[in-house]
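> Once you've looked at the hints, dock chain B against the given chain A.
Taken in order, these protein sequences are the chains called A and B. Residue 251 in the working numbering sits at position 176 of the first sequence; the count goes up by one each step and never skips. Residue 227 in the working numbering sits at position 152 of the second sequence; the count goes up by one each step and never skips.
Calculated directly from the structure, the hints in this document are not laboratory data. It should be emphasised that the depicted structure is a prediction, and the values quoted were computed from it without experimental measurement. Please note that the accuracy of each hint is not assured.
One copy or two, it doesn't matter: identical chains are merged, so the pair holds either way.
What the hints assert, rightly or not - Derived DSBU-like pairs: lysine-lysine, alpha-carbon spacing no greater than 30 Å straight-line:
#1 136 with 347
#2 137 with 335
#3 137 with 354
#4 137 with 347
#5 354 with 385
#6 385 with 347
There are 2 protein chains.
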Amino acid sequence: MGARKGNLLSVRDDIKVLDVTLRDGGLCNNFEFSDEFVSRLYKTNVRAGIDYMEFGYKASKKVFNENEYGKWKFCNEEDIRAIVGTNNTDMKIAVMADVGRCDFKTDFLPKSESVIDMVRVACYIHQIPAAIEMIEHFHSLGYETTCNIMAISKSSSDQIEQALEMLVKTSVDVIYLVDSYGSLYPENTADYTQKYMKIVEGTNKLIGFHAHNNQNLAFANTIETLSYGTSFLDASVQGMGRGAGNCQIELLLGFLKNPKYNLYPLLQFMEKYMPELRKNGVVWGYDIQYMFTGLLNRHPREAIAYTEQKRTDVAEFYHSLLENE
Amino acid sequence: MGARKGNLLSVRDDIKVLDVTLRDGGLCNNFEFSDEFVSRLYKTNVRAGIDYMEFGYKASKKVFNENEYGKWKFCNEEDIRAIVGTNNTDMKIAVMADVGRCDFKTDFLPKSESVIDMVRVACYIHQIPAAIEMIEHFHSLGYETTCNIMAISKSSSDQIEQALEMLVKTSVDVIYLVDSYGSLYPENTADYTQKYMKIVEGTNKLIGFHAHNNQNLAFANTIETLSYGTSFLDASVQGMGRGAGNCQIELLLGFLKNPKYNLYPLLQFMEKYMPELRKNGVVWGYDIQYMFTGLLNRHPREAIAYTEQKRTDVAEFYHSLLENE
Numbered sequence: 076m077g078a079r080k081g082n083l084l085s086v087r088d089d090i091k092v093l094d095v096t097l098r099d100g101g102l103c104n105n106f107e108f109s110d111e112f113v114s115r116l117y118k119t120n121v122r123a124g125i126d127y128m129e130f131g132y133k134a135s136k137k138v139f140n141e142n143e144y145g146k147w148k149f150c151n152e153e154d155i156r157a158i159v160g161t162n163n164t165d166m167k168i169a170v171m172a173d174v175g176r177c178d179f180k181t182d183f184l185p186k187s188e189s190v191i192d193m194v195r196v197a198c199y200i201h202q203i204p205a206a207i208e209m210i211e212h213f214h215s216l217g218y219e220t221t222c223n224i225m226a227i228s229k230s231s232s233d234q235i236e237q238a239l240e241m242l243v244k245t246s247v248d249v250i251y252l253v254d255s256y257g258s259l260y261p262e263n264t265a266d267y268t269q270k271y272m273k274i275v276e277g278t279n280k281l282i283g284f285h286a287h288n289n290q291n292l293a294f295a296n297t298i299e300t301l302s303y304g305t306s307f308l309d310a311s312v313q314g315m316g317r318g319a320g321n322c323q324i325e326l327l328l329g330f331l332k333n334p335k336y337n338l339y340p341l342l343q344f345m346e347k348y349m350p351e352l353r354k355n356g357v358v359w360g361y362d363i364q365y366m367f368t369g370l371l372n373r374h375p376r377e378a379i380a381y382t383e384q385k386r387t388d389v390a391e392f393y394h395s396l397l398e399n400e
Numbered sequence: 076m077g078a079r080k081g082n083l084l085s086v087r088d089d090i091k092v093l094d095v096t097l098r099d100g101g102l103c104n105n106f107e108f109s110d111e112f113v114s115r116l117y118k119t120n121v122r123a124g125i126d127y128m129e130f131g132y133k134a135s136k137k138v139f140n141e142n143e144y145g146k147w148k149f150c151n152e153e154d155i156r157a158i159v160g161t162n163n164t165d166m167k168i169a170v171m172a173d174v175g176r177c178d179f180k181t182d183f184l185p186k187s188e189s190v191i192d193m194v195r196v197a198c199y200i201h202q203i204p205a206a207i208e209m210i211e212h213f214h215s216l217g218y219e220t221t222c223n224i225m226a227i228s229k230s231s232s233d234q235i236e237q238a239l240e241m242l243v244k245t246s247v248d249v250i251y252l253v254d255s256y257g258s259l260y261p262e263n264t265a266d267y268t269q270k271y272m273k274i275v276e277g278t279n280k281l282i283g284f285h286a287h288n289n290q291n292l293a294f295a296n297t298i299e300t301l302s303y304g305t306s307f308l309d310a311s312v313q314g315m316g317r318g319a320g321n322c323q324i325e326l327l328l329g330f331l332k333n334p335k336y337n338l339y340p341l342l343q344f345m346e347k348y349m350p351e352l353r354k355n356g357v358v359w360g361y362d363i364q365y366m367f368t369g370l371l372n373r374h375p376r377e378a379i380a381y382t383e384q385k386r387t388d389v390a391e392f393y394h395s396l397l398e399n400e
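So that you can see chain A by itself, here it is in the shape it has in the complex (with noise of 0.2 Å):
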């Protein structure tokens, strides 16, 4: 094993925190939270010292059809300015875009016109190519870039380590360790990190890891990979995001020894806006049937469907994916 990087009462200015509520919580919700909600968790991010906020993806509009969707499916520039102005502060923007689903040649600003710091591909393994392309695009743009390669827990070593080498010959900034269908303990997260540590060593690309919390294990995830040297570190507000949802920012935040990572506000904004969301029905966060998917390591969406469905046949749900292994 490699050593841990710091001990639990450093402060590692490597690390960047970064909020993924509007995102991954977006598919929570279709993406429709109030202008009020995001102006307020813009305020909130800024002042307990987030450093990256994600306002959610840029898809394609032919592919998807923007009355269908909040509008943080889409980003448009005007909608973010519309809550940070020039953004005239510390923390940066990011936005994701899928390979695929995403018009990168025609829907990007050069940086220089754009409010946006940061574009996050996400991509499978097998779209490594086509996400390389994007991220040499973004690049030349001005962006930060990162790649976030999804669902490793299906890929094999060989492959993992080919996408990797792949990745570090490009102009991308941020690597990411995507734990998709939260099927990953936290040997074996240590395992992982280790190994794309070592492919960036010597370079000046860094490290970032994605939690998804089936096995109620995203907040410890995300403490085992950061002490081996991971520095982009994704979370959001209660957790929010599909399925069992992510890491919960305010788990990290009292974690993180940095002082200027500040708790009060959080605590603020969750009091007073995240009940609302669930009152009006919107669901996320570990429960049994979100376990079952993360240990036989499957796409959670047998188990989203059996959430929106109320269904509390638990015996009978893991007996059913069982006879469909």
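Structure of chain B alone, referenced to chain A:
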């Protein structure tokens, strides 16, 4: 760091899962479980391959009024036998005896006349001499014994070492590392585990772990400690236990690779009996107020009161805790 014991696919025969649902969970409902609940849980645990089931406390009837608590606060021999008969199964039966709250000299039969297999002695670190007196008494009666040293996150390294050195010279079978306040991170848990393991090296004593879920790390800490050699693992159905609760037994059984464990009966039990408890207002499990006391390494009593009062002023509550540090 000491080596991990086994890997993520290993079966370790030394591992014993101990269900604390009635005992730690009883702290949530005044030990007022229906006979049907207890009987079904017993049968479920047997079918699920659980190694030990803790029925409750053997509390002093001089200190506590029998009319004010459910019967599992006292675990009368005849009450246990009404559920388990002679317990003609592979599962062993445990009860807990608190130092200073147990008439240990009068309330225990010789093991040959009792259906109880194990007595777990819980104490604070300054009560170790009293705990040892109880342990030797229970040992002389023929019981397996554990010593559960609580709140060690409040004790100095020197104190813990002294306590362990005293215990290792006794007849105790298992020494428990107890994260009473849910304040440990997995890295801390690994460090403590290695300290405990080192003390019992070369003896036939084993180490156990009892988690609390204040920072949503009960399961993560449990699998971390076991990876460094801990054998006895406490867990409960849906993590039922005081305040933020314990390690969820369903997550733990999902993790363990020994084919003797069987998740399915537990799911059937959960589905049938746990929603009723929740509906009747029994409350436990991770929530932000418990994160605060975990983070601040404090007894959860203020967070429990906050929960009972159904308060939602999260930020003010956090502020008040900081004011009282």
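> Treating 30 Å as the Cα threshold, decide for residue 385 and residue 347: within, between, both or neither.
Both: 26 Å inside a copy, 15 Å across copies.
> At most 30 Å between alpha carbons: which applies to residue 137 and residue 335, within, between, both or neither?
Neither, since 42 Å and 53 Å both go past 30 Å.
> Please work out whether the CA atoms of residue 136 and residue 347 approach to 30 Å or closer within one copy, between two copies, in both situations, or in neither?
neither (33 Å within a copy, 47 Å between copies)
> If the cut is 30 Å between Cα atoms, do residue 137 and residue 354 qualify within a copy, between copies, both or neither?
The answer is neither: 33 Å in one copy and 47 Å across copies each exceed 30 Å.
> How would you label the pair residue 354, residue 385 (within, between, both, or neither) given a Cα cut-off of 30 Å?
Answer is both; intra-copy 15 Å and inter-copy 16 Å each pass.
> Check residue 137 against residue 347 for me: Cα-Cα at most 30 Å, and say if that holds within a copy, between copies, both or neither.
Neither: 36 Å inside a chain and 48 Å across chains, both beyond 30 Å.
In the structure shown, a violation is registered for the earlier hints numbered 1, 2, 3 and 4, in ascending order.
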